[in-house]
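*Asks:* Single-letter residue listing:
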Amino acid sequence: MERKQLYWEDVKLGQEIPTSYSLKLDATRMVLQVSGTQDYYQVHHDRDFAHAQGVPDPFFSTGFISAALGRLLTDWIGPEGCLRKFRMEMRRMNLLGDTMTVNGKVTDKYIRDGEHYVEADVWCETDSQGVTTPCKATLILPSRD
Amino acid sequence: MTQEKKKTPEEMLQEAQRMIGNETKPVANQYPVEYEPIRRYCIMVDDDNPMFLDPEYAKKTKHGGVILPPFATFGIMSGGSPAAMARWFDAAETPIMPPAPGKFVVNMAQEWEWSKTVMVGDRLTSKVRLADVYIKPIRLDPKAFWVVVEMIIGNQRGETVCTVRNVLLLHRSPEEVAADQPHKGG
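Residue numbers (our numbering), protein chains in the order written: chain A, 10 to 154; chain B, 13 to 198.
Hints in this document: simulated from the structure, not taken from any laboratory.
Be a bit skeptical, because a hint or two may be false.
Coverage of chain B stretches by chain A, computed from C-beta distances (three or more under 8 Å per stretch; other residues unrestricted) [as the list claims (entries may be wrong)]:
| id | stretch |
| --- | --- |
| 1 | 33 to 42 |
| 2 | 70 to 81 |
| 3 | 159 to 168 |
Derived coverage of chain A by chain B (criterion: at least 3 residues anywhere in the stretch with Cβ under 8 Å from a Cβ of chain B; other residues may be distant) [to be verified]:
| id | stretch |
| --- | --- |
| 4 | 59 to 65 |
| 5 | 71 to 80 |
| 6 | 121 to 134 |
For each residue, glycine too, the CB sits at the ideal point set by N, CA and C.
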């Protein structure tokens with residue numbers, strides 16, 4: 010379970026985030042989603058309700074998606090790294106039955122006011138929808154100096 | 013018996029825009045941040061990070077104890093969902109959720125900014141502000157309402173720990189859109 014510490018000097022521009030992973034969005038995952046987020050809005054678990062809204066199937070909630078993206082980032086940056094800013098756009102649905110992959114790529118790194126920053130594009134994609142949730146993250150890492 | 017005339021989306025928008033800037037009083041969470049909701053939160057995405065789950069490991073880190081996963085802050089405060097937020101706003105002394113023709117809610121975008129780490133045992137408070145509301149058509153509803161709300165979350169020391177800005181889409185079902193169309197004469 011122990012996590013390695015990532016240092017600012019070890020991050021390379023353009024590198025992919027190495028903690029990428031996939032989850033099967035099956036019915037069990039949907040139940041875990043409701044338990045974990047305490048989000049009981051029916052569009053995230055009730056097929057009839059989803060159809061009444063004009064969407065093809067129940068889709069996973071923002072709280073679930075941000076938790077998945079949070080795992081990607083916190084697994085990567087280690088116990089001393091921290092998230093400073095994040096923007097996510099829910100452009101497409103992460104639907105029941107899909108397989109979802111979270112991934113990311115480093116777009117910038119710089120030092121400002123003595124803090125060591127990394128910028129990254131991160132996203133969720135599914136096998137049926139492609140990229141569903143494009144995001145931008147600003148992280149702060151410890152330095153070896 | 014006279015029936016009250018149904019408001020048009022444009023009339024509702026005028027009413028909604030007068031509410032921009034409304035802000036709730038800070039509301040304290042009933043319970044402190046606890047281990048068990050964090051465990052359930054992590055399990056849903058197979059997250060086994062000991063920073064969030066293992067008190068012995070976390071004690072040896074710079075934080076000195078288990079911390080809340082960064083994105084869990086919002087869910088723990090609001091119940092997680094736009095619908096839960098809407099109920100919470102309805103109960104607030106200052107109305108935050110504006111009137112809208114559609115009752116279906118989709119969260120379209122979210123912006124986060126963190127300034128403090130949240131630990132198990134912290135007592136969080138939050139206040140919510142209506143930042144913007146406008147009409148922008150979507151495929152399902154030509155008069156869909158877009159509502160921007162900000163939640164500012166603080167701790168027991170009066171420090172802001174994070175700000176979350178949500179862009180919510182409120183729309184009608186296709187049947188409701190059809191029913192609201194003006195009847196053509198002829």
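*Asks:* If a hint holds in the structure, say so; if it does not, say that too.
*Replies:* Taking the hints in turn, this is what the structure says about them:
1. Counting residues of the stretch 33 to 42 of chain B whose beta carbon lies closer than 8 Å to any beta carbon of chain A gives 0, which falls below the threshold of three, so the coverage claim is violated.
2. Residue count for the stretch 70 to 81 of chain B with a Cβ under 8 Å from a Cβ of chain A: 4. That meets the three needed, and the coverage hint holds.
3. For a cut-off of 8 Å, the count of residues in the stretch 159 to 168 of chain B with a CB near a CB of chain A stands at 0, and the three-residue condition is violated.
4. Coverage of a stretch by a chain is defined here by at least three residues with a beta carbon nearer than 8 Å to that chain's beta carbons; for the stretch 59 to 65 of chain A and chain B the count is 3, and the condition holds.
5. Restraint check on the stretch 71 to 80 of chain A versus chain B: 9 residues with Cβ-Cβ distances below 8 Å, three needed, restraint holds.
6. Look at the stretch 121 to 134 of chain A against chain B: 0 of its residues bring a Cβ nearer than 8 Å to a Cβ of that chain, fewer than three, so the hint is violated.
Consistency with the previously given hints fails for numbers 1, 3, 6, ordered from lowest to highest.
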